[in-house]
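Chemist: Chains A and B, in that order, give the protein sequences.
Under our numbering, think of the first position of the first sequence as 206, with each following residue one higher.
Under our numbering, think of the first position of the second sequence as 206, with each following residue one higher.
These are computed hints drawn from the structure, not numbers from a lab.
Be careful, since some hints might not be right.
Each pair may be met inside one copy or between any two copies, as identical chains are not told apart.
[Unchecked claim] Once the Cα atoms are required to be at most 30 Å apart in a straight line, the calculated DSBU-like pairs of lysine-lysine come out as:
1) Lys482 with Lys669
2) Lys291 with Lys408
3) Lys669 with Lys542
4) Lys300 with Lys703
5) Lys246 with Lys272
6) Lys247 with Lys329
7) Lys669 with Lys247
8) Lys307 with Lys329
9) Lys307 with Lys513
10) Lys428 with Lys693
11) Lys293 with Lys408
12) Lys329 with Lys436
13) Lys542 with Lys246
14) Lys482 with Lys542
15) Lys357 with Lys436
16) Lys291 with Lys428
17) Lys482 with Lys436
18) Lys477 with Lys357
Protein chains: 2
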Amino acid sequence: MSANPSKVTIKATALLLPLLLGIAALCSAVPDPRYREYLIKKERSQQTGGRVVLSEAELQFNVLLDKLKLQEMETSDFPPAMHFFKAKPLIDRSKLFSLLQKMPKGGALHVHDFALVDVSWLVKNVTYRPHCYVCFTDSSSVRFVFSLHQPKTSPQCSKWMLLETLRAKVDNTTDLDNSFIRNLTLYTYDPEVAYPSQDVVWKRFEEAFIAVWGLVTHAPVFKDYFYEGLKQFNADNVMYLELRALLPQTYELDGNINNRFWTMRAYQEVLKEFVGKHPDFFGSRVIFTAHRGINASELTDILKEAIKLQEEFPEIMAGFDLVGREDTGRPLWYFSKALSQPAEHGLSLPYFFHAGETDFQGTDVDQNMLDALLLNTSRIGHGFALVHHPTTKALSRQMGVAVEVCPISNQVLKLVSDLRNHPAAMLMSEGHPLVISSDDPALFGASGLSYDFYEAFVGIAGLKSDVGTLKELAVNSIRYSSLSPQQKEEALSIWQKKWERFVVENLPQ
Amino acid sequence: MSANPSKVTIKATALLLPLLLGIAALCSAVPDPRYREYLIKKERSQQTGGRVVLSEAELQFNVLLDKLKLQEMETSDFPPAMHFFKAKPLIDRSKLFSLLQKMPKGGALHVHDFALVDVSWLVKNVTYRPHCYVCFTDSSSVRFVFSLHQPKTSPQCSKWMLLETLRAKVDNTTDLDNSFIRNLTLYTYDPEVAYPSQDVVWKRFEEAFIAVWGLVTHAPVFKDYFYEGLKQFNADNVMYLELRALLPQTYELDGNINNRFWTMRAYQEVLKEFVGKHPDFFGSRVIFTAHRGINASELTDILKEAIKLQEEFPEIMAGFDLVGREDTGRPLWYFSKALSQPAEHGLSLPYFFHAGETDFQGTDVDQNMLDALLLNTSRIGHGFALVHHPTTKALSRQMGVAVEVCPISNQVLKLVSDLRNHPAAMLMSEGHPLVISSDDPALFGASGLSYDFYEAFVGIAGLKSDVGTLKELAVNSIRYSSLSPQQKEEALSIWQKKWERFVVENLPQ
Ligand SMILES: [Zn+2]
Ligand SMILES: [Zn+2]
């Protein structure tokens, strides 16, 4: 334990200097600019990315970043202050955004199975396939199904019409297709008026989800959809995906039904094919999700199946989660016995719980984040309410459990309106472990990960965030993934090369 | 330094038990409910009011409070989630609100001179006084002036009309009066549409302020206005007021102009008269404010005057502040030299700076909170952005500098829409020193302090806040006031008696 005495001296000075400056500053009449500078730097160093050591090239690149971010702030319509539906056209024109699109962002760790792909692909490609039927519901939504014969009429829905026949009859198929697109996303011209409350927007969200269902659970479409999703995320410079997946039964044209094991194998096969053609893409893993509407005994059964899947597909299966609106669902603690069973039996089933996607404080649901940690969750989905809970926040940090921040989702689902008020701003100011993700980009009229990176970097992280912030966010998405330590190292080294190329290619002129 | 050994043992156990429970809980498969309970209690104890020791009566009273708060949360229209203009009728009908009105709330430490009194008093009383003229501006606002003769026409305003004559001519004086009321507040039926941005709402805010100006700077009205303000706050069970006051020149009917010293004396006289008639009212002090639109040399002159006022009116003068919109004004650091001068010369001029009333992060203005602290501020007005600055937040706590939280003001001026997202929720969860105040209640269509207490207690503090929270908030308003230690003790003991009576009178049946 022999310490280098000169090192000790330096350390003592490093500790004492700010203290002395502080006392001097607070006692003297005039504030000491050195103390001020010290405090500002200290604060900066605590922020996400504040301790990242930057290369010469990164420092140069940062000059460009700074300039572009200031440009965003100087317009009177600051996109993160607006609803995403109104901000999107502005973001699309932004130079900073196109830079963020090119940026290697690492992984997207919180994305749902059926909100991966731009819905226009569903309409323009999938609904044009043969045997596709549509019906129009009483609540002016749509349902789709693929069938060899005229399907039996569903309750609260018109007679099923073969789309081929319908399209031949209508004057303007573009109008029809656009109306389908409107049904499959939440996009609307005036979201504040269309969605006056969380209840209304969640209802619409679930409605859109059901509308997608009949298309994407058709077995061949299911595979194509996932392939297309990987393509779109890869094109957005995302190299890895962790998918919250319901693993539904899928149906064949002949009426055959495939079970969860088929679905899992489908993911595996499609992924293999995609990586074969895109060797730069690192991979994808699946977090099996059940709806929190079930009861404890139903959950027990599902968990048994989850463990079987985990055993059969250890490479692609990452773990388990519960989904659906937290505010109206059962709190996590209600399920605690069932959720403890795998570990009690020495079986491994990592958890990745959605928790804290709520504005209410002090309710049972607001306790979900603590309970997720007590149930040994690997990450917290959203954790929007985490900042209301200093003890839980500290526990999440001690345990190295990252928060999956999904800015656009939180805004569209009305947890927060102006994204500068997003609580992740506080988490980032403290350097809390977190990743940025996009939840259901297709439903929000977004795509990939770049829009959420834009909102996080420009709206949430503030003017002082920099290239180090972006770097740490990207690295976090690998560090806090479900990959093995060895895979993480491999992914990081691939990412590092992409990153260096990106920086060099985008140095200011 | 001889410690009681049994006490030490207890202490060690108190520290070890949660640690052991924690390790046990995190290692075991099933989460330990005792550890969970411990963490929940720990979090609760850190919250504002979490360590207040409650009497038997207070515990009983809390049963009622809990019930009433749950009732507020169970409606589908949760008032704190809505804009105050829409929430107000709901709040007015709420039982919890009428309880909060009766509650002795201590002091209101952040209220501006000309937004104290319900504007209907200005219209129904003041504009009916003789010699009151009105003109209508090109931007459809109004100006008022008292004059013995026809005043000279102002630019961008119609010819001045004697209100007595005008009222005799119009069919419906109620309509006319209501149009005046609309001009003097920000209230509007659809605030989201009327005020699409902070720029628009601030413009309207300043417009309303100017409309009030001609009425309240008429010397006799000035005194009556302050008296009426004290009356309204006293009726709202506020016993002490710290007024941010511009100390403007006032004008007499004969054209005479009174200077700042007259204004200060007027405050003193009116206060004396009011306290004479309401011996339960503890008093009021004045924080002299200048607009941040001035430059450094103008500030130097004003500070000299402030010091003179401080010397001449030590009892009623509390200190100095800068007002006006921060985002478009000069940052505090620009004024740091001028603001350091009093202390450099050994002169006492306490500061009470508005700082952090902004949504932007990392700008120069966003630095105002740190700079206010470095300039030795006694409190921070708003500190809305404080949670973005962990270092500054820690400094504010160490220095015992309380944040003046004004929920309705922050919502109406569009810093935040849903008050559950107000950053004070984080400050309260950490037990940060803070007080609740109402900023400009008259302009926001509110009055006194109870509406802001309602928003803070129901919307910001969450379901787990309780009678201890209310008690600590009220006590804070005296503890963090500018009163002397002896005055604080006196005020606290008066408040304590009022409080005990309030609790006993409102025990559940
Ligand atoms: Zn999700
Ligand atoms: Zn103010």
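Chemist: Each of the hints needs a verdict: does it hold here or not?
Modeler: Quick rundown of the hints versus the structure:
1. For the homomeric pair lysine 482 and lysine 669, neither the shortest alpha-carbon distance inside one copy (40 Å) nor that between copies (55 Å) is at most 30 Å.
2. For a Cα distance limit of 30 Å, the shortest separation of lysine 291 from lysine 408 qualifies both inside one copy, at 21 Å, and across copies, at 23 Å.
3. When the C-alpha separation of lysine 669 and lysine 542 is checked against a cutoff of 30 Å, the pair qualifies only between copies, where the shortest distance is 25 Å, while the shortest distance within a copy is 45 Å.
4. With identical chains, the CA atoms of lysine 300 and lysine 703 are at most 30 Å apart within one copy only, with a shortest distance of 20 Å there and 61 Å across copies.
5. Taking identical chains as interchangeable, the C-alpha atoms of lysine 246 and lysine 272 lie at most 30 Å apart only when both belong to the same chain, with a minimum of 20 Å there against 47 Å between chains.
6. For the homomeric pair lysine 247 and lysine 329, neither the shortest alpha-carbon distance inside one copy (53 Å) nor that between copies (55 Å) is at most 30 Å.
7. In this homomeric assembly, lysine 669 and lysine 247 come within 30 Å of each other (Cα to Cα) only inside a single copy, at 13 Å, whereas the closest approach across copies is 34 Å.
8. In the homo-oligomer, the alpha carbons of lysine 307 and lysine 329 lie at most 30 Å apart inside one protomer (26 Å), although the nearest pairing across protomers, at 63 Å, exceeds that limit.
9. Taking the shortest Cα distances, lysine 307 and lysine 513 never come within 30 Å of each other, neither inside one copy (39 Å) nor across copies (61 Å).
10. Taking the shortest Cα distances, lysine 428 and lysine 693 sit within 30 Å of each other inside one copy (27 Å), while across copies they are farther apart (72 Å).
11. Within a single copy, lysine 293 and lysine 408 get their C-alpha atoms as close as 23 Å, and across copies as close as 27 Å, so both meet the 30 Å cut-off.
12. For a Cα distance limit of 30 Å, the shortest separation of lysine 329 from lysine 436 inside one copy, 17 Å, qualifies, whereas the shortest one across copies, 69 Å, does not.
13. For the identical chains of this complex, lysine 542 and lysine 246 are inter-copy neighbours only, at 22 Å across copies versus 47 Å inside a copy, given an alpha-carbon limit of 30 Å.
14. In the homo-oligomer, the alpha carbons of lysine 482 and lysine 542 never lie at most 30 Å apart, since the shortest distance is 44 Å inside one protomer and 65 Å across protomers.
15. Taking CA atoms no more than 30 Å apart as the test, lysine 357 paired with lysine 436 passes in neither setting, with 35 Å inside one copy and 73 Å between copies.
16. Proximity of lysine 291 and lysine 428 under a CA criterion of 30 Å is satisfied in neither setting, with 33 Å inside one chain copy and 49 Å between copies.
17. Taking the closest pair of Cα atoms, lysine 482 and lysine 436 come within 30 Å of each other only inside a single copy of the chain (10 Å); across copies the shortest separation is 78 Å, beyond that limit.
18. In this assembly of identical chains, the alpha carbons of lysine 477 and lysine 357 never lie at most 30 Å apart, being 37 Å within a copy and 85 Å across copies at closest.
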